[in-house]
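S.K.: Could you slot chain V onto chain G? The hints should help.
For the protein sequence lines, the chains are G and V, in the order given. The opening residue of the first sequence carries number 1 in the numbering used here; numbering runs sequentially from there. The opening residue of the second sequence carries number 1001 in the numbering used here; numbering runs sequentially from there.
Hints may contain errors.
[What the hints assert, rightly or not] Example chain V residues on the side facing chain G (calculated, C-beta under 8 Å, incomplete):
(1) G1131
(2) P1133
(3) R1136
(4) Q1140
(5) A1143
(6) N1145
(7) S1269
(8) V1287
(9) G1288
(10) F1292
(11) Y1293
(12) R1295
(13) P1301
(14) A1303
(15) M1307
(16) D1312
[To be verified] Between beta-carbon pairs, the in silico distance windows are:
(17) G/D54 / V/D1239: 51 to 57 Å
(18) G/H220 / V/K1254: 49 to 55 Å
(19) V/N1327 / G/E395: 46 to 52 Å
(20) V/A1167 / G/E168: 27 to 33 Å
(21) V/G1093 / G/K58: 51 to 57 Å
(22) G/E237 / V/G1253: 51 to 57 Å
[Unchecked claim] Here are the simulated lysine-lysine pairs, DSS-like style, with alpha carbons at most 25 Å apart:
(23) G/K88 / G/K58
(24) G/K319 / G/K146
(25) V/K1035 / G/K319
(26) G/K379 / G/K254
(27) V/K1217 / V/K1376
(28) G/K146 / V/K1035
(29) G/K35 / V/K1146
(30) G/K39 / G/K88
(31) G/K365 / G/K347
(32) G/K381 / G/K365
(33) G/K379 / G/K218
(34) G/K39 / V/K1146
(35) V/K1039 / G/K146
(36) G/K118 / V/K1319
(37) V/K1365 / V/K1381
(38) V/K1319 / G/K319
(39) G/K87 / G/K319
(40) V/K1347 / V/K1379
No wet-lab data here; the hints were simulated from the structure. Note that beta-carbon positions come from the ideal geometry of N, C-alpha and C, so glycine has one too.
Spelled out from the first residue to the last, the chains are:
There are 2 protein chains.
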Amino acid sequence: MINIAILGFGVVGSGVADVIAENADSLSQRLCGEKLNVKHILDLRDFPDHPLGDRVTKDFDTILNDEEVLIVVETMGGSHPAYDFSKKALEAGKSVVTSNKEVVATFGAELLAIAREKGVSYLFEASVGGGIPIIRPMWQCLAANKILAVDGILNGTTNYILTKMFAEGWSFEDALSKAQELGYAERNPAADVEGLDTCRKISILASLAYGSAIDPKKVHCEGITEITAADVAAAEEFDYRIKLLGRCADVNGKVYAITAPFLVPTEASIANIDDVYNGISVMGNAVGDVMFYGRGAGALPTASAVMADVLDVIRDCRKTIGWGPENPDIYCDYESAVLRFLVCADKAEDINHVFGVEAIEVRGKFYAITGLGTEKALKEKVASIDGARFIRVME
Amino acid sequence: MINIAILGFGVVGSGVADVIAENADSLSQRLCGEKLNVKHILDLRDFPDHPLGDRVTKDFDTILNDEEVLIVVETMGGSHPAYDFSKKALEAGKSVVTSNKEVVATFGAELLAIAREKGVSYLFEASVGGGIPIIRPMWQCLAANKILAVDGILNGTTNYILTKMFAEGWSFEDALSKAQELGYAERNPAADVEGLDTCRKISILASLAYGSAIDPKKVHCEGITEITAADVAAAEEFDYRIKLLGRCADVNGKVYAITAPFLVPTEASIANIDDVYNGISVMGNAVGDVMFYGRGAGALPTASAVMADVLDVIRDCRKTIGWGPENPDIYCDYESAVLRFLVCADKAEDINHVFGVEAIEVRGKFYAITGLGTEKALKEKVASIDGARFIRVME
Chain G
1 MINIAILGFG
11 VVGSGVADVI
21 AENADSLSQR
31 LCGEKLNVKH
41 ILDLRDFPDH
51 PLGDRVTKDF
61 DTILNDEEVL
71 IVVETMGGSH
81 PAYDFSKKAL
91 EAGKSVVTSN
101 KEVVATFGAE
111 LLAIAREKGV
121 SYLFEASVGG
131 GIPIIRPMWQ
141 CLAANKILAV
151 DGILNGTTNY
161 ILTKMFAEGW
171 SFEDALSKAQ
181 ELGYAERNPA
191 ADVEGLDTCR
201 KISILASLAY
211 GSAIDPKKVH
221 CEGITEITAA
231 DVAAAEEFDY
241 RIKLLGRCAD
251 VNGKVYAITA
261 PFLVPTEASI
271 ANIDDVYNGI
281 SVMGNAVGDV
291 MFYGRGAGAL
301 PTASAVMADV
311 LDVIRDCRKT
321 IGWGPENPDI
331 YCDYESAVLR
341 FLVCADKAED
351 INHVFGVEAI
361 EVRGKFYAIT
371 GLGTEKALKE
381 KVASIDGARF
391 IRVME
Chain V
1001 MINIAILGFG
1011 VVGSGVADVI
1021 AENADSLSQR
1031 LCGEKLNVKH
1041 ILDLRDFPDH
1051 PLGDRVTKDF
1061 DTILNDEEVL
1071 IVVETMGGSH
1081 PAYDFSKKAL
1091 EAGKSVVTSN
1101 KEVVATFGAE
1111 LLAIAREKGV
1121 SYLFEASVGG
1131 GIPIIRPMWQ
1141 CLAANKILAV
1151 DGILNGTTNY
1161 ILTKMFAEGW
1171 SFEDALSKAQ
1181 ELGYAERNPA
1191 ADVEGLDTCR
1201 KISILASLAY
1211 GSAIDPKKVH
1221 CEGITEITAA
1231 DVAAAEEFDY
1241 RIKLLGRCAD
1251 VNGKVYAITA
1261 PFLVPTEASI
1271 ANIDDVYNGI
1281 SVMGNAVGDV
1291 MFYGRGAGAL
1301 PTASAVMADV
1311 LDVIRDCRKT
1321 IGWGPENPDI
1331 YCDYESAVLR
1341 FLVCADKAED
1351 INHVFGVEAI
1361 EVRGKFYAIT
1371 GLGTEKALKE
1381 KVASIDGARF
1391 IRVME
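Pulled out of the complex, with its shape left as it was, chain G reads as follows:
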């Protein structure tokens, strides 16, 4: 019998319990006959009607001091106390498996170092892309590659909103309301629509790809709240779709990382990832372009990823996936990136005059796609036109 504890019995935590119950036979087969037992569940609420209701405790020390608990599954969300509990568990020689992107993005390097020191594992497959296998494939299957770039649609809520703005012509506000109505967006949607969730996830993928902790606070982050229905329609005129991307890339040994809406060419595989789906495209110097696609959230998909980590810990409790401390010199200035841009202004002649390209009219605004240039230079030009804006274009 292998005993685990679950911290936080919300959507993901209860999904983990469900997968363990539902797939008990096939899990036991994978574990050569051993059975998994959820010995403790930490939550402030009671669950008197749940079959595991008698396992619920409000006291983390019960778990910390139980030597039979080898693996702690952290599905609390938020930085505190999730980080503190994870740290204590690792220090006590327990492996920790998490779906908590906030903790991994912010405290990953520290927790990974403690895990290595203690000879246990800190695994986080579920922190990016829900059930989509991405952490392990990047780490293990693409291990012989230099990772040239990662482009990800990493947030289902914003992808749903942008999909509806494209397919139905809705405004951002209307699409957000619908997403809230369907339960895809929270009542306070800031973390999603302002890009923070994507930003944490691309920080994790960039840390994994480049070996240095990438601080999400140092990754330039823009959300989709300023994107208008006219922008989406204009992008379509130029044969692009607008997607909120987390991007990172190797630029001469430095790391370019950004979260922002991008125009993605319609024929790019990532342009066709719609609704609440996530997709992550990874470019390696040997493998070329590979893409991973699936549901980026939800109880059972996320639980599937958590359980993959749990099984991995059981097979090899010293499993290490991860990165070292932050190398402060690794960041490249995002404004030095050379891109094309979609520019928008109130008057066609302003665009023509400043960028030397013809603008098209879409719903009373004028749009054009610029030639290649640095973001820094572009911003200076845009600032010279009253009320002008821009969106980056993915090559």
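M.R.: For chain V alone, coordinates are given in the frame of chain G:
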């Protein structure tokens, strides 16, 4: 220094040597400073101008008897002598990494058993999907799932042909000629266009998903040689694309496995995998639908997958991924599958009379999509109409 030997210095074998040379620094970093050395290359040809030309031997025993060689990379292709050399290497306590789908599909269970017995690894990530991570994600990342179904576009040559028949309206013969001209198809394209390559690959994925060796000879196999430009156009009229799929699914504990052209709904993610790309959709009972996409062949992508296995062996030489001996009762009769079908006949009234559905005319032939029924029942009906044919429809 970790010494490996490469068997077969063709496209993939030389790609492996190229990746080791090109990414020497990052590989060494992954191996905590250890260096990889290609000590021997087995080939009947000489490579006097290659930097590793002095490593070439024509005698397998040189490799077998060299105790410094821990890992044998088998990239010869074909069953013999690849199988025999792999078996000898495993029996001698060396791990074997292969890209050879023919050997894995046919002899996998035996070689995996020898590897387990000897405490070494037999790994085969490169045997399916080229560089796309699929074997390890299915085995490891989806380990907590019951695999409900796998649908794969597993052969780039046939996918290129079907893409051109769709996009350009070409005949099968014209598209094949173009594929040969571009080097995507061999002069003798039978293994590709008759479905055998796909059949071997889906056998490997089915074996992995269901734990029993699935014999490719027992998987019903049809190629794309009978698909006409009119079929492709008719499918489009019904909002489908024709793709050559390897499919396997759990049907009440038995395994349904087939290789055949299928009508795939245009909105399905797998329908939009074009040209020489491969894509594999896996449905798990927890994760839902996830998809893996990338280049399914080529020197460097395939070498990327081979090297992932090599690194894995170095980290854990007892790594076991795989399946047991064939369970002869596991196969379900493919003709008992309940599907819809695209039927084609010379006269509209025949289709109307036999299937009770209206047919549409496309290039002088008449097409309709039937209601749900078993393949067995469908075949009886089709046989009652002179010259009628059918193609299966993916739900």
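S.K.: All hints, please: hold or fail.
M.R.: Hint by hint, here is what the structure shows:
1. Because the smallest distance between the Cβ of V/G1131 and any Cβ of chain G comes to about 4 Å, under 8 Å, the interface hint for this residue holds.
2. Because the closest C-beta pair between V/P1133 and chain G is about 3 Å apart, less than 8 Å, the hint holds.
3. Taking 8 Å as the C-beta contact cut-off toward chain G, the hint placing V/R1136 at the interface holds, the least distance being around 5 Å.
4. Given the 8 Å rule on beta carbons, the hint for V/Q1140 holds: about 6 Å separates it from the nearest Cβ of chain G.
5. The restraint placing V/A1143 at the interface with chain G holds, with a minimum CB-CB distance near 5 Å, inside the 8 Å limit.
6. For V/N1145, the interface hint holds, since its Cβ comes within 8 Å of a Cβ in chain G; the closest pair sits about 6 Å apart.
7. Interface hint status for V/S1269: upheld, as the beta-carbon distance to the closest one in chain G is roughly 6 Å, under 8 Å.
8. A least Cβ separation of about 4 Å between V/V1287 and chain G falls short of the 8 Å threshold, and the interface hint therefore holds.
9. Hint on V/G1288 holds. Least Cβ distance to chain G is approximately 5 Å, under the 8 Å limit.
10. Given the 8 Å rule on beta carbons, the hint for V/F1292 holds: about 6 Å separates it from the nearest Cβ of chain G.
11. Taking 8 Å as the C-beta contact cut-off toward chain G, the hint placing V/Y1293 at the interface holds, the least distance being around 4 Å.
12. A cut of 8 Å between beta carbons decides the hint on V/R1295: the least distance to chain G is about 5 Å, and the hint holds.
13. This hint holds: V/P1301 has a C-beta 5 Å from the nearest C-beta of chain G, less than the 8 Å allowed.
14. Interface hint at V/A1303: satisfied, since its Cβ lies 6 Å from the closest Cβ of chain G, which is below the 8 Å cut-off.
15. Annotation: V/M1307 was flagged as interfacial toward chain G, and the flag holds, the nearest CB pair being 3 Å apart, inside 8 Å.
16. For V/D1312, the shortest C-beta to C-beta distance to chain G is roughly 7 Å, which falls under 8 Å, so the interface hint holds.
17. Between G/D54 and V/D1239 the beta carbon distance is about 53 Å. The supplied range of 51 to 57 Å therefore holds.
18. The supplied range of 49 to 55 Å is met by G/H220 and V/K1254, whose beta-carbon atoms lie about 53 Å from each other.
19. Hint check: V/N1327 to G/E395, Cβ distance near 50 Å, so the stated range 46 to 52 Å holds.
20. At roughly 28 Å, the beta-carbon separation of V/A1167 and G/E168 lies within the given 27 to 33 Å, and the hint holds.
21. For the pair V/G1093 and G/K58, the beta carbons lie near 53 Å from each other, so the given range of 51 to 57 Å is met.
22. At about 53 Å, the beta-carbon gap between G/E237 and V/G1253 stays in the expected band of 51 to 57 Å.
23. For the suggested pair G/K88 and G/K58, the alpha carbons sit about 16 Å apart, so the restraint of at most 25 Å is met.
24. Restraint check: the Cα-Cα separation between G/K319 and G/K146 comes to about 22 Å, which is no more than 25 Å; the hinted pair holds.
25. Of the pairs offered as hints, the one joining V/K1035 and G/K319 holds, with about 22 Å between alpha carbons and a cut-off of 25 Å not exceeded.
26. For the given pair, G/K379 sits about 22 Å from G/K254 by alpha-carbon distance, which is consistent with the 25 Å threshold.
27. The suggested pairing of V/K1217 with V/K1376 holds, with an alpha-carbon distance near 20 Å, which does not exceed 25 Å.
28. Taking the CA atoms of G/K146 and V/K1035, the gap is near 17 Å; set against the 25 Å cutoff, the hint holds.
29. Restraint check: the Cα-Cα separation between G/K35 and V/K1146 comes to about 17 Å, which is no more than 25 Å; the hinted pair holds.
30. Simply put, G/K39 and G/K88 have alpha-carbon atoms about 18 Å apart, close enough for the 25 Å limit, and the pair holds.
31. For the hint pairing G/K365 with G/K347, the CA-to-CA distance comes to about 7 Å; that is within 25 Å, so the pair holds.
32. Distance check on the hinted pair: G/K381 and G/K365 sit about 18 Å apart at the alpha-carbon level, within 25 Å; holds.
33. As the CA atoms of G/K379 and G/K218 are separated by approximately 20 Å, the hinted pair is consistent with the 25 Å bound.
34. Between G/K39 and V/K1146 the CA atoms are separated by roughly 24 Å; this keeps the pair inside 25 Å, and the hint holds.
35. Restraint check for V/K1039 and G/K146: satisfied, since their Cα atoms lie roughly 24 Å apart, inside the 25 Å limit.
36. Straight-line distance between C-alpha atoms of G/K118 and V/K1319 comes to about 23 Å, which keeps the hinted pair within the 25 Å bound.
37. Under the criterion of a C-alpha separation no larger than 25 Å, the hint pairing V/K1365 with V/K1381 is consistent with the structure, at around 18 Å.
38. A C-alpha spacing of about 13 Å is found between V/K1319 and G/K319, which places the hinted pair at or below 25 Å, so the restraint holds.
39. Between G/K87 and G/K319 the CA atoms are separated by roughly 17 Å; this keeps the pair inside 25 Å, and the hint holds.
40. Proposed proximity of V/K1347 and V/K1379 is supported: the alpha carbons are some 18 Å apart, at most 25 Å.
In the structure shown, no violation is registered for any of the earlier numbered hints.
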